[in-house]
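Listed below are the residues making up each chain.
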Amino acid sequence: ETGVTQTPRHLVMGMTNKKSLKCEQHLGHNAMYWYKQSAKKPLELMFVYNFKEQTENNSVPSRFSPECPNSSHLFLHLHTLQPEDSALYLCASSPGGWGRRMETQYFGPGTRLLVL
Amino acid sequence: EDQVTQSPEALRLQEGESSSLNCSYTVSGLRGLFWYRQDPGKGPEFLFTLYSAGEEKEKERLKATLTKKESFLHITAPKPEDSATYLCAVRLFSGGYNKLIFGAGTRLAVHP
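First to last, the sequence lines map onto chains A and B.
Residue numbers are given in the numbering used here: position 75 of the first sequence equals residue 1131, and the series is strictly consecutive.
Residue numbers are given in the numbering used here: position 45 of the second sequence equals residue 191, and the series is strictly consecutive.
Quick caveat, the hints were computed from the structure, so don't treat them as lab data.
Don't be surprised by glycine CBs; every beta carbon is placed ideally from N, CA and C.
Possibly wrong hints are sitting among the right ones.
Cβ-Cβ distance ranges computed for the label pairs, FRET-style [as the list claims (entries may be wrong)]: (1) Leu1083(A) to Gly187(B): 31 to 41 Å; (2) Arg253(B) to Gln1110(A): 40 to 50 Å; (3) Leu1083(A) to Asp148(B): 23 to 33 Å; (4) Thr1136(A) to Ser174(B): 49 to 59 Å; (5) Ala156(B) to Gly1070(A): 16 to 26 Å; (6) Glu147(B) to Ser1094(A): 16 to 26 Å; (7) Lys188(B) to Gly1084(A): 20 to 30 Å; (8) Ser174(B) to Ser1094(A): 41 to 51 Å; (9) Ser1118(A) to Lys214(B): 12 to 22 Å; (10) Asn168(B) to Lys1096(A): 39 to 49 Å; (11) Thr1136(A) to Thr172(B): 46 to 56 Å; (12) Glu1123(A) to Thr172(B): 13 to 23 Å.
Where chain A lies over chain B, by a calculated footprint (3+ residues, C-beta under 8 Å) [said to hold, decoys possible]: (13) 185-193; (14) 210-224.
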């Protein structure tokens, strides 16, 4: 069971384009996350939304802009990206909030992004 | 510096050949250690959470253990379907912030 969907699954964009990644969770969870997974690098936590409030921003460049309109939906708006931003972008959710004792995270399948 | 290191990078086993994967960490303020499995083209799948030294969790052929410096994922009599990349992540509280640091993973291949 994942219950976390991501669209699109694949995206090719130019450096001047603006695009958005979408994540939806059907699990009734209260926290949602964006991760970046680059080839041969560890998974990097980008943003955390805890009860719709952004609580973590791990030094992510401003060309990545998250949005969480409600507890079920999470977006990642992309603009003027660089080729080194090409990666797999994963969304995850967890039942409780990003509190002292983090609970299990459930991941979506990811969006494979290629920036030309 | 907070760091999570997984070893080996890759492991090839014969079906039924038991082994262990290692996740060592140098962090302060540990708030949990997580193991995930990731298949190619998919998101990570949660396996275990460990919170304190001495804790152990088991699921089918997998058993995770935790000490103050490292965690082991023991695989008993693996099958080809256990082939995947296994990721370890450490959650900590540092500098007034929560952090989650992943290791680079161990690619496991189990051959019949």
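Hint check results:
1. Leu1083(A) to Gly187(B): 31 to 41 Å: 22 Å, violated
2. Arg253(B) to Gln1110(A): 40 to 50 Å: 34 Å, violated
3. Leu1083(A) to Asp148(B): 23 to 33 Å: Since the Cβ atoms of Leu1083(A) and Asp148(B) sit about 30 Å apart, the hinted range of 23 to 33 Å holds.
4. Thr1136(A) to Ser174(B): 49 to 59 Å: 37 Å, violated
5. Ala156(B) to Gly1070(A): 16 to 26 Å: Violated, since Ala156(B) and Gly1070(A) (Cβ atoms, about 35 Å apart) do not stay within the stated range.
6. Glu147(B) to Ser1094(A): 16 to 26 Å: 20 Å, holds
7. Lys188(B) to Gly1084(A): 20 to 30 Å: About 22 Å separates the Cβ atoms of Lys188(B) and Gly1084(A), which means 20 to 30 Å holds.
8. Ser174(B) to Ser1094(A): 41 to 51 Å: Violated - the Cβ-Cβ distance for Ser174(B) and Ser1094(A), about 27 Å, lies outside 41 to 51 Å.
9. Ser1118(A) to Lys214(B): 12 to 22 Å: Taking Cβ atoms as reference, Ser1118(A) and Lys214(B) lie about 39 Å apart, which means the hint is violated.
10. Asn168(B) to Lys1096(A): 39 to 49 Å: Between Asn168(B) and Lys1096(A), where Cβ atoms are some 19 Å apart, the hint is violated.
11. Thr1136(A) to Thr172(B): 46 to 56 Å: 36 Å Cβ-Cβ, so the 46 to 56 Å window is violated.
12. Glu1123(A) to Thr172(B): 13 to 23 Å: 35 Å, violated
13. 185-193: n = 6 at 8 Å, threshold three: holds.
14. 210-224: violated (count 0)
Hint compliance for this structure: hints 1, 2, 4, 5, 8, 9, 10, 11, 12, 14 are not met, and every other hint is.
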